[in-house]
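Visitor: Each chain is listed here by its residues.
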Amino acid sequence: MSERRDARSDIAEMEGAASLPRKSGEMVFHNDWERRAFAIAVSLAEQGIFDWGEFQQRLIESVAEAQRDDPQNPSRGYYESWLAALERLLEENRLLGEAIDAPDGAHPQRADVV
Amino acid sequence: MSDHHHDSPPSPHHTSYRTRERNKELTQRVERIEALLVAKGLVAKDALDRLVDIYENDLGPMNGAKVVARAWVDADFKRRLLDNATAAIAELGFGGLQGEHMVVVENTPQVHNVVVCTLCSCYPWPVLGLPPTWYKDAAYRSRVVIDPRSVLAEFGTMLDDDVEVRVWDSSAEVRYLVLPERPANTEHLTERELAELIDRDAMIGVARVSAP
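One line per chain: the protein sequences are A and H, in this order.
The numbers in the first sequence follow the working numbering, run straight up by one, and end at 186.
The numbers in the second sequence follow the working numbering, run straight up by one, and end at 1521.
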């Protein structure tokens, strides 16, 4: 129980570019896939399947990648970076049993944002 | 990731710009991962639903409300809370701050406390959840220090001139929680019923708790 609480604290306490999008104290999800992607990463971390710190590190990198060209106008949304980070970590840890062929966001599509 | 940090990233989500095709593609990517992980027994669909529910709905001010209600009905707990808030709050099972101390400040008929983080948005999330947007606004952060009475009035909290206002500046080291005054005529309420009266704004100190 306390381990679970600690994982929650790490997640809620994320700061800087990795901090969770929120509005009036509530988390903000725009699409169901964002909820699912969020929950998958949290569930795996809470079960100890991967370390939250490892995921957070990839999330920070992923968000930074999206902000590289223009920090004020990231090339993709927060949860797209979240998903890219999740895919990368799953791949590195060979947790999917097959390679992910989806674009990993290294070359984000400018068309996604105006 | 320590010290002071500004925790509102620029434009954290660009959903409004996302095309329907892009969303469909993202949905499929997530569905594929979920299906593979479910097949491997690493995640369960109902566990994922539950997690979303917890983060969207439960991780929030309800914990702080339980702390306040306990302090209202249990004088010994209140003493411990004012003496060492981190430890007293941990008695109720809430914690997880990473080295920061919790300090609880008590409102009385003579003193009204209000919390701010002038540098960024330090906030006692284990008891209050994620901070409201206005808490991070430059306007609130600067004005509540300079002219707390006007800011409180904008929140609908009018203070008599003889009430002293104390503004507490949170930091990476110390997180404050306001212990609001228990409203009159609530003697008949249970601890649980009291907890339902207490909202986030009262524990930041911009509002009072009203009787039902």
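Be aware that one or more of the hints could be misleading.
Estimated spans, in silico, between C-beta atoms of each pair [said to hold, decoys possible]:
id, chain 1, residue 1, chain 2, residue 2, range
1, H, 1410, A, 103, 35 to 43 Å
2, H, 1470, A, 104, 49 to 57 Å
3, H, 1451, A, 133, 48 to 56 Å
4, H, 1471, A, 142, 46 to 54 Å
Just some of the chain A residues that point at chain H, by a computed CB distance under 7 Å [claimed, not checked]:
id, residue
5, 99
6, 103
7, 107
8, 108
9, 111
10, 112
11, 114
12, 121
13, 122
14, 165
15, 168
Rather than coming from a laboratory, the hints here were simulated on the basis of the structure.
Model, not experiment: these values are computed from the prediction.
Think of the CB as a built atom: it goes at the ideal place given N, C-alpha and C, for glycine as much as any other residue.
Visitor: Each hint needs a verdict: does it hold in this structure or not?
Guide: Here's how the hints hold up against the structure:
1. H:1410 <-> A:103: 35 to 43 Å: holds (39 Å)
2. H:1470 <-> A:104: 49 to 57 Å: holds (52 Å)
3. H:1451 <-> A:133: 48 to 56 Å: violated (33 Å)
4. H:1471 <-> A:142: 46 to 54 Å: Holds, at about 53 Å.
5. 99: holds (6 Å)
6. 103: holds (6 Å)
7. 107: holds (5 Å)
8. 108: holds (5 Å)
9. 111: holds (4 Å)
10. 112: holds (6 Å)
11. 114: holds (5 Å)
12. 121: holds (6 Å)
13. 122: violated (10 Å)
14. 165: Check failed: Cβ of residue 165 of chain A comes no nearer than 11 Å to chain H, outside 7 Å.
15. 168: With Cβ-Cβ at 5 Å, under 7 Å, it holds.
The structure fails hints 3, 13, 14 (numbered hints given earlier, in ascending order).
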